[in-house]
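From just these sequences and the hints, can you work out the full model?
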Amino acid sequence: MDQRSPTQSSTSAASAETWSHPSDQPWRRFLLTNRAALGSLAVFLAMLLMFTIANPVVFTNWTLYASVLTTLPVAIFLTVPLVFIVTVGEIDLSFPATMGCAAWAFALVVQAGYDPIIGIAAALVTGAILGWFVGCLVVKGNLSSLIATLGMNFVLRGIILIFTEGKSISLPSLSDSWVFQLFSSELYGVPVQIYWAIAFTIFSMFLYTRHRFGVHIHIVGDNPDSAAQMGINVNRVRIGAFIFVGIGAAIAGVFSTMINFTWWPTSGDGYLLPVLASVFVGGTPTWGGIGTVLGGAIGALTVSFIQTGIVGAGLSGFYVQFFNGLIIILSLLGHRWNQIRYR
Amino acid sequence: MTERLIELRDITKSYGNVYALGGVNLHVDKGEVVGLLGDNGAGKSTLIKILAGAVKPTDGEILVRGKSVTGWNAARSREAGIETVFQDRALAVQQSIVRNIFMGNEQGNRLGFLNLKHEIAEAGRLMREIGFTSKVFTPNSIVGQLSGGERQGVAIARAIYKQADLIILDEPTTALSLTETAKVFHFVRQVRASGRSILFIGHNIHHVYDIADRFVVMDRGKVAMQISRDKVKTAEELIWFMEQIAHPEHKSQNAKEPALKRKAGKL
Chain A
1 MDQRSPTQSS TSAASAETWS HPSDQPWRRF LLTNRAALGS LAVFLAMLLM FTIANPVVFT
61 NWTLYASVLT TLPVAIFLTV PLVFIVTVGE IDLSFPATMG CAAWAFALVV QAGYDPIIGI
121 AAALVTGAIL GWFVGCLVVK GNLSSLIATL GMNFVLRGII LIFTEGKSIS LPSLSDSWVF
181 QLFSSELYGV PVQIYWAIAF TIFSMFLYTR HRFGVHIHIV GDNPDSAAQM GINVNRVRIG
241 AFIFVGIGAA IAGVFSTMIN FTWWPTSGDG YLLPVLASVF VGGTPTWGGI GTVLGGAIGA
301 LTVSFIQTGI VGAGLSGFYV QFFNGLIIIL SLLGHRWNQI RYR
Chain B
344 MTERLIELRD ITKSYGNVYA LGGVNLHVDK GEVVGLLGDN GAGKSTLIKI LAGAVKPTDG
404 EILVRGKSVT GWNAARSREA GIETVFQDRA LAVQQSIVRN IFMGNEQGNR LGFLNLKHEI
464 AEAGRLMREI GFTSKVFTPN SIVGQLSGGE RQGVAIARAI YKQADLIILD EPTTALSLTE
524 TAKVFHFVRQ VRASGRSILF IGHNIHHVYD IADRFVVMDR GKVAMQISRD KVKTAEELIW
584 FMEQIAHPEH KSQNAKEPAL KRKAGKL
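Taken in sequence, the protein lines are chains A and B.
Residue 90 in this note's numbering sits at position 90 of the first sequence; the count goes up by one each step and never skips.
Residue 440 in this note's numbering sits at position 97 of the second sequence; the count goes up by one each step and never skips.
Keep in mind that the hints were calculated from the coordinates and are not lab data.
Hints may contain errors.
Which chain B residues face chain A? A few, computed with CB under 8 Å, are given here [stated by the list, open to error]:
#1 A417
#2 A418
#3 R421
#4 F429
#5 A435
#6 V436
#7 Q437
#8 G447
#9 L459
#10 K460
#11 I485
#12 G487
Okay, the calculated beta carbon distance ranges per label pair [as the list claims (entries may be wrong)]:
#13 B:T517 <-> A:F213: 32 to 42 Å
#14 A:N235 <-> B:L521: 38 to 48 Å
#15 B:T401 <-> A:L146: 28 to 38 Å
#16 A:Y195 <-> B:G492: 47 to 57 Å
#17 B:R453 <-> A:M50: 46 to 56 Å
#18 B:R468 <-> A:Y319: 50 to 60 Å
Some residues of chain B that are not near chain A, with every Cβ distance over 10 Å (derived) [as the list claims (entries may be wrong)]:
#19 L351
#20 V361
#21 E375
#22 G492
#23 R501
#24 E523
#25 F528
#26 I582
#27 W583
In this text, a Cβ means the ideal position worked out from N, Cα and C, and glycines have one as well.
This is the structure we're talking about:
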């Protein structure tokens, strides 16, 4: 007969030793830590399923995906650093103009006959300097990043227009260069840009969760006072996030110029709202302290896909904006339900 | 002769025309527990924020192990071996326990990439040491899920990880239950036994009386009195002293008054 009572501690203590927290199981841990990113993936897959049901012929054809995969990387290079800046509790609306300026530097260097790799370096330096400048303006000037970066977006775009008088730069020589082969050709029928975008996303994921920079971004976004009390240089972390956005915008600018062989003075303009939407569709909340790089990349995929998808599904282009908004609202509702905010 | 760990000389802090501190002298020796007492607005919190480097003094000198320091800030303070458990605990509540324990002190390689395995193992060890009995929480749990006492535990775990020479506890027992308070006291005694120092700030005079080797009473931005433990017989006597400082115009009928005055004056 079993003599053990519920209060008898000998057996219960033994079982407590082997009892483990559910989050110790690897797959559950994965689910918990990536719930926002997985949520965005679910949104994307549901959308894809809807489109495929609407028009099975088009959505089982690879050419549609290949066209999305060419333009998607530009959005990813913009979205991923923006996740960092939202996590740190700021916002940067100047990235389209930074992208334009950095790509301008790239175009000027290539036009002058230098190797495109020097152009890329020039673009990266331009992006970093502009990011640093915008960051200093917001952090040292103690300005609202929403307004200050919006102003900087106009200022930088204005500078481009004043100096170029609206003229574009075409770069036909690009197609012969090895840099073009490396960054803008095709590999196994897939646009090579997407490999670079995936590499950038994976690098950023490590930077975000396993590097001092990313960890400080989280803490500063969560509680800047505590971060300062514990010896973290809050201003430097914030400016660092702005510099990262500048670098991401520069990469995006270079890729977009290489796709078109032309730099336009409006380069980057159309990205402001879709990229902002991608960050939040991806599952990064607006209040700072937490976020998901992978989700951001998936959000960029979702937002980039809507336009192609709507037309591919046989609806007229007039439906694009409506569905764009619908997807944004639905994903926000989904993330709200999926997330808990701790205070 | 005991080693002087840290010394503040003529520290002043003003916010515009308002003086929060008007020339404070304070020192902490190696291996002693100093109890810092005083009313609300006496300048206790400002003083410890200056020690922690979170607030810059308007004027005055800070000496660490006898050497004057310049460019004092939070990072320098932690480098000098001072760990502070702030009253608000200075936690980032959306982050995990391990991230809070290693806040500003992330363990990683030279490129800045973190050694998560090492950090999580260390955080688990510290959590057991500090008395996290509940197995519901792992080092990866979010601090926002924890109770007030457990959050305090995380803040203390952060302070003990570095084996700091001086641990500043700013009202560590406020809003804690009796058992949690007992845990804090146990921790203070452990730290003293290991030869390190503690600066204990408290509202509750009985708590401070129980734990400290020396009492420093602040009043209106100045150190009004310093007295060592062996000169005060009971907590009531300490309270009486503090009342005298707060309301010097109230002439007490207490017969012990002259003797106590003499004792206090000696230090």
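Violated constraints from the hint list, given by number and in increasing order: 10 and 23
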